[in-house]
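Here's the letter readout for the chains.
Number of protein chains: 4
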Amino acid sequence: MSSGLGVLFRVSTWGESHGPGVGVVIDGCPPGTPLTDQDVQAELDRRRPGQSKITTPRRENDKAEILSGVLNGVTLGTPIAIQVRNEDQRSSAYVEMESAYRPSHADYTYEAKYGIRAVAGGGRSSARETVGRVAAGAVAKKVLQASLASYDCVAYVKSVHAIQAGARSQSMSLVELRGIVEGNIVRTNDPVAAQAMIALIEQMRNQGNSVGGVIECVVRGVEPGLGEPVFDKLEADLAKAMLSLPATKGFEIGSGFAGSLLTGVEHNDEFFSENGRIRTRTNRSGGIQGGISNGEDIVFRVAFKPTATVLVGQQTVTKTGSPTTLAARGRHDPCVLPRAVPIVEAMVHLVVVDHWLRQRALRG
Amino acid sequence: MSSGLGVLFRVSTWGESHGPGVGVVIDGCPPGTPLTDQDVQAELDRRRPGQSKITTPRRENDKAEILSGVLNGVTLGTPIAIQVRNEDQRSSAYVEMESAYRPSHADYTYEAKYGIRAVAGGGRSSARETVGRVAAGAVAKKVLQASLASYDCVAYVKSVHAIQAGARSQSMSLVELRGIVEGNIVRTNDPVAAQAMIALIEQMRNQGNSVGGVIECVVRGVEPGLGEPVFDKLEADLAKAMLSLPATKGFEIGSGFAGSLLTGVEHNDEFFSENGRIRTRTNRSGGIQGGISNGEDIVFRVAFKPTATVLVGQQTVTKTGSPTTLAARGRHDPCVLPRAVPIVEAMVHLVVVDHWLRQRALRG
Amino acid sequence: MSSGLGVLFRVSTWGESHGPGVGVVIDGCPPGTPLTDQDVQAELDRRRPGQSKITTPRRENDKAEILSGVLNGVTLGTPIAIQVRNEDQRSSAYVEMESAYRPSHADYTYEAKYGIRAVAGGGRSSARETVGRVAAGAVAKKVLQASLASYDCVAYVKSVHAIQAGARSQSMSLVELRGIVEGNIVRTNDPVAAQAMIALIEQMRNQGNSVGGVIECVVRGVEPGLGEPVFDKLEADLAKAMLSLPATKGFEIGSGFAGSLLTGVEHNDEFFSENGRIRTRTNRSGGIQGGISNGEDIVFRVAFKPTATVLVGQQTVTKTGSPTTLAARGRHDPCVLPRAVPIVEAMVHLVVVDHWLRQRALRG
Amino acid sequence: MSSGLGVLFRVSTWGESHGPGVGVVIDGCPPGTPLTDQDVQAELDRRRPGQSKITTPRRENDKAEILSGVLNGVTLGTPIAIQVRNEDQRSSAYVEMESAYRPSHADYTYEAKYGIRAVAGGGRSSARETVGRVAAGAVAKKVLQASLASYDCVAYVKSVHAIQAGARSQSMSLVELRGIVEGNIVRTNDPVAAQAMIALIEQMRNQGNSVGGVIECVVRGVEPGLGEPVFDKLEADLAKAMLSLPATKGFEIGSGFAGSLLTGVEHNDEFFSENGRIRTRTNRSGGIQGGISNGEDIVFRVAFKPTATVLVGQQTVTKTGSPTTLAARGRHDPCVLPRAVPIVEAMVHLVVVDHWLRQRALRG
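Chains as they are written, first to last, in our numbering: chain A, 179 to 542; chain B, 179 to 542; chain C, 179 to 542; chain D, 179 to 542.
If you're looking for bench data, these hints aren't it; they were derived computationally from the structure.
Please note that a few of the clues may not be correct.
The list treats identical chains as one, so a pair stands whether inside a single copy or across any two.
[Said to hold, decoys possible] Here are the simulated EDC-like cross-link-like pairs (lysine to aspartate or glutamate), alpha carbons at most 20 angstroms apart as the crow flies:
| no. | residue 1 | residue 2 |
| --- | --- | --- |
| 1 | K497 | E448 |
| 2 | K497 | E452 |
| 3 | K497 | E474 |
| 4 | K241 | D215 |
| 5 | K497 | E401 |
| 6 | K320 | D330 |
| 7 | K231 | E380 |
With the hints as extra help, turn the sequences into a complete structure.
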């Protein structure tokens, strides 16, 4: 019981990296939502390996097939099963990993937990598992767009290692922002910094090394009232969703860690009224107060560690505890952030749609 | 459906700040665990208002009563209901808040969500809700201590505003660490910094202002294998637990946000073998790899914003959107961190015990 | 994790028969529902021991106290905690049950499950646990009545041992039906049969013996569309709710077991149109088709075994397996059905309100 | 959120009758369980259409493919996805059902619930959905057999219309019983009655009519202690599981409805000790007391109505409420019971394995 998420929009992912395929079942999608294969495929293509020179050279088409729950381009209200067959499997690259644990991977902990593991490609611990999340997120996005007129969400790379992108313009529309972000292969909001980031990532790949960074995400058009006080606060569910992604080490919303350097008088967001709508002048709350959306932009950041797979030899131990040295030979992403951008967005859609349905249950 | 947490050790809290009381029901506590009123009371006393000169002067004894699930000092396996009656209620302090929304509180969002709210003391959005969490955490701790021989958990204040505590000694036992932390009223691991922190908090109170900070937490004795891959990763559930606490703005584990400034070669934790146990030489993973505990210390940090309640007048609006100025008159904590320390620990116990039971189901 | 029910209207009951009290927490009740202590008390009074000459002579006032989630007679949307203190506890009556297992009670199985049990009064296995269900059901009923204009539900005793009540008139309103049912202490729909039933129950009590019977229940005003296909079919959740009650041995809906004696041509309910509403001419489906309500009356029956507590000596064994003879000395109900009527209704309210909220989430 | 079952062994089924396929994802299966395609296929073959002269002549091979969670014939602890492609789809047979509601089918209620439905073959309301249940049940059975030494479960047809099978011999082993049951195409425990049942079913098919009946099920080798008191009683979850099956109208356990005709003295199961094991002399409890297994055989019965699909013209209405006559033309089962036997068993496995895991979490 580990691969399910959501109370009402319930997602169950499945699949090993080097098994027959990966996929997802979505239970609880409202009926009558327009949905085509292409809606799903478009998001999977943004996550796909081999999409640019700075991602892994593995080639997988990741072709999605919708197997149920949709008829004539419209959801039926019944479970939606989506499946992607695995293609480019070179299990041979993983032979020596069978006996030795890769540092900072999940090899050792999977073995500790299950007493058994699918060695090739990391099996279930592979980032390939996120295919199901992205497919489900694409469905969630369609539901939200059909219901919340101005709902949108854009994530982008805020930093790669020490290279910081400039601040996003507050007045920019999310459509414009998306245009800029998707206009560079690193998916940052700053086209100038993009060049330095790409150069660094290429340098890291050439060295068999890797880098991490920070992704920022803006969610707009979430009506006030979503999120459940106490345990299922909206930011709590976002934090869980983000920390459930491979390679993440931190989450902060609104003012975040830096907010602890302000006093209360400085930090509080004063209310004002604008065209009959209650708003805040600043947004240190990050769009959520007391666990509930207040209608302002939801803004958060996620820290990603550098990819654990490096081609440099590292000390480790075998299953029996003998010391050994291991250097990865498989193809890998020297920086996961460009491909993580659509995954972060997918997780936002999944969290928001679930809370939107919960609120609709509560208030009609 | 908002006040429940956990799959197997299921906690449901209830209660408004100025209603008859607050409490919790725990469903799924294993039978045969020793448990007394005092086990619960001891933790509640650490959370209690009025415990020192830097906390709110409100006086509440917060006397816990166990109403079910325990007989002759031992748990029965049936639901454990624990209740604390409210005492010091001065609803008059909240009269003007009935019509105006306090900045950065949950007044507006509760109204947006429910169309109704208990004004006095913030009702359910009050930090008083955490009484139930602390009581349940005390029970969870007893279960874990009875099962995992060396389980322990200590949280402490790492910073107040810009005042940083010195680094915790890695070689110190958690018993020693707890001694230091509980030896100063700010609950930091650095007795020298404690004085500066206390001085700052008092200054803030005198100014009617407030400050935030960062709490760090160390969890020791968690056996390898706890945590569910994919959505219910151990760090994901910890992140959710922490972001579900009032006033939190961020969570990071192990290397955290700073980890994005290292390369993969620098960041990876190499394995070695020590007395037949597989360990890592560094702990940038923070004790969790692939969502599963690896047996090293689990170390994370939580950012708290400054208390929203300040005695300085601030701009806001009434329910009808008219501009007004509001200054709090109620008694408040100028810094929530000292009282948040036991709450952070309680949430750790709740997350770990649930995952421990889930792992026991999986493997026996 | 055993005492919770519902996905969105989430109920958690707690309490042992001879502990400090029993109660319930309801999480997910929509805000803005009118609710008073008296709404809850009225239903508890129908369940109360000592209410008539054919129920147990134990005297318990079962005074309900609402501790949270309600302000000025209206629900807040936050958890509603309701509690009843235990009063008439004569633990001495249970001394010899400490070592011997009462036949057809839960003494042995609780011990097998938990390795420990609260002996007095059966602890958690006592029908006293249903206090929390009835209190929660009273709240659910208020929510449903505020939302579904013509919602109502009446249960009644259909048989006691071999004494059958006459068939309920199909044309009778539920208000009339309730009047008849509440007009006799056995709570049957047939005032003539009532006299024979009462006489039999009194005879049983005089003999220290007991009887069971069947309760029938009619639910009216459930709009078409409630119930989830596949696992959470409306009749499946009703069946679970009824079989979760103490002493129940069977459940049937619509044509039930007798329906297996008809052919398909005889059994099918033909559709017709009445004032723009699609209806069925017969109702062998019992108001549910494919797991979903069709707008007709939901009609089901529940079988109750005779009370296990009898004053006649019976063979059993001690905890160590030695043969012994045991005769109950405690006060008991010679027939549980009169007091089970409001409990059956409460479970209906809980099932229907949860499915109504789930449908509102799905369709708005 | 309608197609999921189980707390720890979590099953999610998907698929429409005439879509690309049907399937299931199992989340929470313990690692290290031997499992092959053939384990699953063997159970699906018992459910398959076209298996004998008394089932529907539709030909579907129902070939199962395991897509994840299993490596080298052993479960990994990760989600197990199993899929069956649909084959024999003649959507043309359903043209006229597009506008008219079939009596006692789910056509009208699906439309009321979702506002949309997959007409061909009933879509998700088709009994084809049970493919996923049977596949998951096969996995659950393997887990139970690997853990509970003597676990077994046999269901059989107890009656078809008015034709009753003779009573099962209490002393017969379940292996013997299964041999008899699988030795006749109606799957009854009485080979003599089998002939009359087959003749009746064939007669019904020739008349375009249908019949129902009762299935009885014996579960042996369930250790004492499984089942959760209060809402998740073992019999409550079995009742839900059975009433979630298409065409079921009733459930009874142990003495069932007939138990209401006994007095308490007659009904109670006296305890005795046999070779150090505590047993009951009679089994009117049906193997469960207070919601918890007592180690005796679990025995229950399920009532099935006659198949709703009949070839005789019946009155109904169109979507717009106009009266019309409808006679099915599709191929159908004149009696669902022979194919329902493995489905009943599958549901037992799913319920028992979930409670077994829950108990292992509670007690280790």
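Each hint, compared with the structure:
Proximity of K497 to E448 under the C-alpha cut-off of 20 angstroms is restricted to the inter-copy arrangement: shortest distance 14 angstroms between copies versus 57 angstroms within a copy. In this assembly of identical chains, K497 and E452 lie within 20 angstroms of each other by CA distance solely across copies; the values are 13 angstroms between and 63 angstroms within a copy. In this homomeric assembly, K497 and E474 come within 20 angstroms of each other (Cα to Cα) only across copies, at 18 angstroms, whereas the closest approach inside a single copy is 51 angstroms. For the identical chains of this complex, K241 and D215 are intra-copy neighbours only, at 9 angstroms inside a copy versus 25 angstroms across copies, given an alpha-carbon limit of 20 angstroms.
Proximity of K497 and E401 under a CA criterion of 20 angstroms is satisfied inter-copy only: 17 angstroms between copies versus 52 angstroms inside one chain copy. For the homomeric pair K320 and D330, the shortest alpha-carbon distance inside one copy (10 angstroms) is at most 20 angstroms, but the shortest distance between copies (38 angstroms) is not. When the C-alpha separation of K231 and E380 is checked against a cutoff of 20 angstroms, the pair qualifies only within one copy, where the shortest distance is 8 angstroms, while the shortest distance between copies is 56 angstroms.
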